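Enquirer: If you want the building blocks of each chain, they are given just below.
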Amino acid sequence: MDRCKSTRRADVDREMRAAHLRTRAMQAPMPCISAVDLVARVLFEEITAEGGEAILLKGASFASTLYEDDEAPRLSVDVDLLVPAGALEVVASVLHRRGYFASGSRARGDHATTWRREGLPAVDVHDTLGGLRAPPERVWKALRKHRRPLQVAGGSISTLDVPALALHVAVHATQHGQATGRTITDLQRALVRIDDADWCLARELARDLDGLDSFATGLRLVPAGRELAERLGIPPVDSAIAAARAENASGRARLLAHVSDARGLSARLWWIRWAIVPPRVVMREWYPDQPLGTAYIVRRPLRVVMRTPRAMRELKRVRRATRDRA
Amino acid sequence: MKTLSLRQQDLDWRQIGDEIVALDARGAAYLGLRGSGAVLWRLLADSATWDEIVTALVETYEIDRTRAAEDVGRFLAILNERGLLVS
Numbered sequence: 263m264d265r266c267k268s269t270r271r272a273d274v275d276r277e278m279r280a281a282h283l284r285t286r287a288m289q290a291p292m293p294c295i296s297a298v299d300l301v302a303r304v305l306f307e308e309i310t311a312e313g314g315e316a317i318l319l320k321g322a323s324f325a326s327t328l329y330e331d332d333e334a335p336r337l338s339v340d341v342d343l344l345v346p347a348g349a350l351e352v353v354a355s356v357l358h359r360r361g362y363f364a365s366g367s368r369a370r371g372d373h374a375t376t377w378r379r380e381g382l383p384a385v386d387v388h389d390t391l392g393g394l395r396a397p398p399e400r401v402w403k404a405l406r407k408h409r410r411p412l413q414v415a416g417g418s419i420s421t422l423d424v425p426a427l428a429l430h431v432a433v434h435a436t437q438h439g440q441a442t443g444r445t446i447t448d449l450q451r452a453l454v455r456i457d458d459a460d461w462c463l464a465r466e467l468a469r470d471l472d473g474l475d476s477f478a479t480g481l482r483l484v485p486a487g488r489e490l491a492e493r494l495g496i497p498p499v500d501s502a503i504a505a506a507r508a509e510n511a512s513g514r515a516r517l518l519a520h521v522s523d524a525r526g527l528s529a530r531l532w533w534i535r536w537a538i539v540p541p542r543v544v545m546r547e548w549y550p551d552q553p554l555g556t557a558y559i560v561r562r563p564l565r566v567v568m569r570t571p572r573a574m575r576e577l578k579r580v581r582r583a584t585r586d587r588a
Numbered sequence: 002m003k004t005l006s007l008r009q010q011d012l013d014w015r016q017i018g019d020e021i022v023a024l025d026a027r028g029a030a031y032l033g034l035r036g037s038g039a040v041l042w043r044l045l046a047d048s049a050t051w052d053e054i055v056t057a058l059v060e061t062y063e064i065d066r067t068r069a070a071e072d073v074g075r076f077l078a079i080l081n082e083r084g085l086l087v088s
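Those protein sequence lines, which keep their order, are chains L and Z. End of the first sequence sits at 588 in the numbering used here; the numbers just go up one at a time, nothing left out. End of the second sequence sits at 88 in the numbering used here; the numbers just go up one at a time, nothing left out.
Treat the hints loosely; a few may be bogus.
[What the hints assert, rightly or not] To be clear about the criterion: a stretch of chain L counts as covered by chain Z if any three or more of its residues have a C-beta under 8 Å from a C-beta of chain Z, and this derived list gives those stretches:
no., region
1, 300 to 307
2, 380 to 389
3, 499 to 511
[Claimed, not checked] Derived DEER-like restraints, expressed as beta-carbon distance ranges:
no., chain 1, residue 1, chain 2, residue 2, range
4, Z, E53, L, V544, 35 to 45 Å
5, L, P397, Z, E53, 19 to 29 Å
6, Z, T4, L, P397, 10 to 20 Å
7, L, R400, Z, T50, 53 to 63 Å
8, Z, M2, L, R546, 50 to 60 Å
In short, the hints are calculated from the structure, not lab data. All figures in this text were calculated on a predicted structure; none of them were measured in a lab. For glycine and all other residues, C-beta sits at the position ideal for the given N, C-alpha and C.
Input sequences plus hints: build the corresponding full structure.
Expert: The structure is reproduced here in structure tokens:
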């Protein structure tokens, strides 16, 4: 018998046995590639092929910058894309074709729509980064200049460069505050791995996009961040909404925070009106078992009146907590 | 002769290095294939007959046709079980 052929036969046997399909849970990563990364690559290629643009947020971008060579890799369970207004239709079309549907309603101040489908990771389509007050078009224009290519699941995807990523890490920490350990871990790693020069650029980006309060509040959630803020000359900020987010305040307190931070009387009145008379789609979510008329005329205003004092106390508490930490 | 191929809907895959990674949205399964599995997968992606698939294995790995046919049969049975095959 030809020993070479015999060896090859044994190899093929082993290969075939080893090469049988391996089924993994959707959220369990391959050693280097995860299902989420593959979905991100596929969606990105389709969006680009149809003339749209997108930037991958978090996910592989955070993993490669903040967790590279780490024994505990950063796992993602969904795909986050930043998309300009002009590409929203293309993105929606791509997602629809793949069986995704937009879930839930967007409350005022939300910066993303979640698309879901059974069997695949959810996709959060962002039109801005939470905590940045500049209009989405200006945010896209600025962040577009801070793109870099990243190899994700074997393909090249646009992600944020280091300064823009640093900005995102900080404002993301403000968005989710202390309750989500992972955002704090991301921040702590960013503070170790990203140098001051890039943080300076992040600070300027935050200033340009009217997000300095959220940026500063995020940094000051951890001691190393407070030290960095001092080095960068960023004083503590007194933003109600940043404090409410960082301290994971209730929805009521956050609404009140928006009123408090609103600039000008008409902006404040807008928020008060939204709090008492939110859009119909939001009311349906909040009061699914009530006829809309009853919900609008009776239940909602009554709720606002009764819960405002508690919300005010809560907001006062979270603002004090943020000031004390700074 | 009947042609075999991979399901088109709800199945995405990419070649990454020597490996194929595939996402079966219907079965909520994430799959990885290497070596001869990857060779067979690529053939099915372009559609092939049974004869063509077996011949490819024989020629790539220089094995006898009988064993190749058995191996291909096992591989296709797995794909069929998972609803990934159409003919």
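Enquirer: Quick one: which hint numbers does this structure break? Sort them smallest to largest.
Expert: 3, 4, 5, 6
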